[in-house]
Amino acid sequence: MKKAVIFDLDGTLTNTLKSLWKSTNMALATAGLPPHEIDSYKYFAGNGAKELIRKSLIADGDTELVHFDSVMEAYNRIFEEYCMYEVKPYDGIRELLKALKEKGLHLAVNSNKPQPRTVDVVEEIFGKDTFDLLVGQCEERRRKPAPDGVNYILEQLHLDKADVLYIGDTCTDMQTGKSAGVFTVGALWGFRDRQELVENHADAIIEKPLELLQYIDQ
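Take the sequence shown: its letters are residues 150 to 367, numbered as in this note's numbering.
Don't take every hint at face value.
Claimed, not checked - Across the chosen pairs, the derived CB separations fall in these ranges:
#1 Val347 x Tyr301: 22 to 32 Å
#2 Lys167 x Leu214: 40 to 50 Å
#3 Tyr301 x Gly253: 40 to 50 Å
#4 Pro183 x Trp338: 40 to 50 Å
#5 Met233 x Val347: 46 to 56 Å
#6 Ala180 x Tyr234: 15 to 25 Å
#7 Gln305 x Met233: 24 to 34 Å
#8 Glu213 x Asp281: 37 to 47 Å
#9 Asp281 x Pro183: 25 to 35 Å
These are computed hints drawn from the structure, not numbers from a lab.
Everything numeric in this text was worked out from a predicted model, so none of it was measured.
We put the CB at the ideal spot given by N, CA and C, even for glycine.
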């Protein structure tokens with residue numbers, strides 16, 4: 150039986166798409182650049198704020214990233230205010246977390262969202278007592294798909310790789326889990342599709358959160 154589940158945040162625990170869309174479009178506007186449709190952000194997001202801005206600028210034709218520094222600064226300022234904009238947990242997530250807690254599992258989050266915003270979102274939506282550890286992007290650790298966040302969680306919770314299940318919704322998450330050597334599950338309710346998860350070697354793919362429970366006893 151697994152002893153812990155590590156969750157990605159954006160697109161796995163919570164639907165944060167509108168907060169990313171709102172904040173990035175507002176940041177682009179400070180440089181006189183046009184906004185993007187919300188679905189574009191399903192593919193811009195997932196690799197941290199710098200990649201989010203880089204992809205958004207390239208899509209606006211700024212292939213030389215002339216506006217990167219100014220838009221990045223604007224985004225950091227704006228996102229601090231709008232990180233909770235219409236953020237909601239996905240259907241079935243609260244029930245899954247409750248079931249996992251009842252089984253006595255450790256729960257952790259590993260996100261490419263900056264550490265302060267990771268804490269803000271998780272504690273606002275799920276409270277302060279649901280998760281044992283919240284790991285966001287910081288200077289001390291490489292961002293996903295590097296295994297640093299997962300390895301840090303394993304160390305802090307005194308767990309072996311075989312004890313852990315990792316779940317996320319993007320190729321970055323599948324690569325993270327595989328690079329860390331843990332059982333990796335793809336979530337189809339998030340930002341990406343089945344093909345991406347299959348191509349990036351998900352050990353299992355589920356359509357609804359509670360389906361994760363079948364892999365806990367393996």
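Hint check:
The hinted range of 22 to 32 Å is satisfied by Val347 and Tyr301, whose Cβ atoms lie roughly 28 Å apart. Distance hint check for Lys167 and Leu214: the Cβ-Cβ separation is about 25 Å, which falls outside the suggested range of 40 to 50 Å. Distance hint for Tyr301 and Gly253: a CB-CB separation of about 22 Å, inconsistent with the stated range 40 to 50 Å. For the pair Pro183 and Trp338, the supplied restraint of 40 to 50 Å is violated, since their beta-carbon distance comes to about 30 Å.
Range check, Met233 to Val347: Cβ separation about 33 Å, and the 46 to 56 Å hint is violated. Taking 15 to 25 Å as the suggested C-beta distance range, the pair Ala180 and Tyr234 conforms, at roughly 20 Å. Judged by the Cβ atoms, the range 24 to 34 Å given for Gln305 and Met233 holds: they are separated by roughly 26 Å. The supplied range of 37 to 47 Å is met by Glu213 and Asp281, whose beta-carbon atoms lie about 44 Å from each other.
The hint said 25 to 35 Å for the Cβ distance between Asp281 and Pro183, and at roughly 43 Å that hint is violated.
Against the hints set out earlier in the document, violations occur for numbers 2, 3, 4, 5 and 9.
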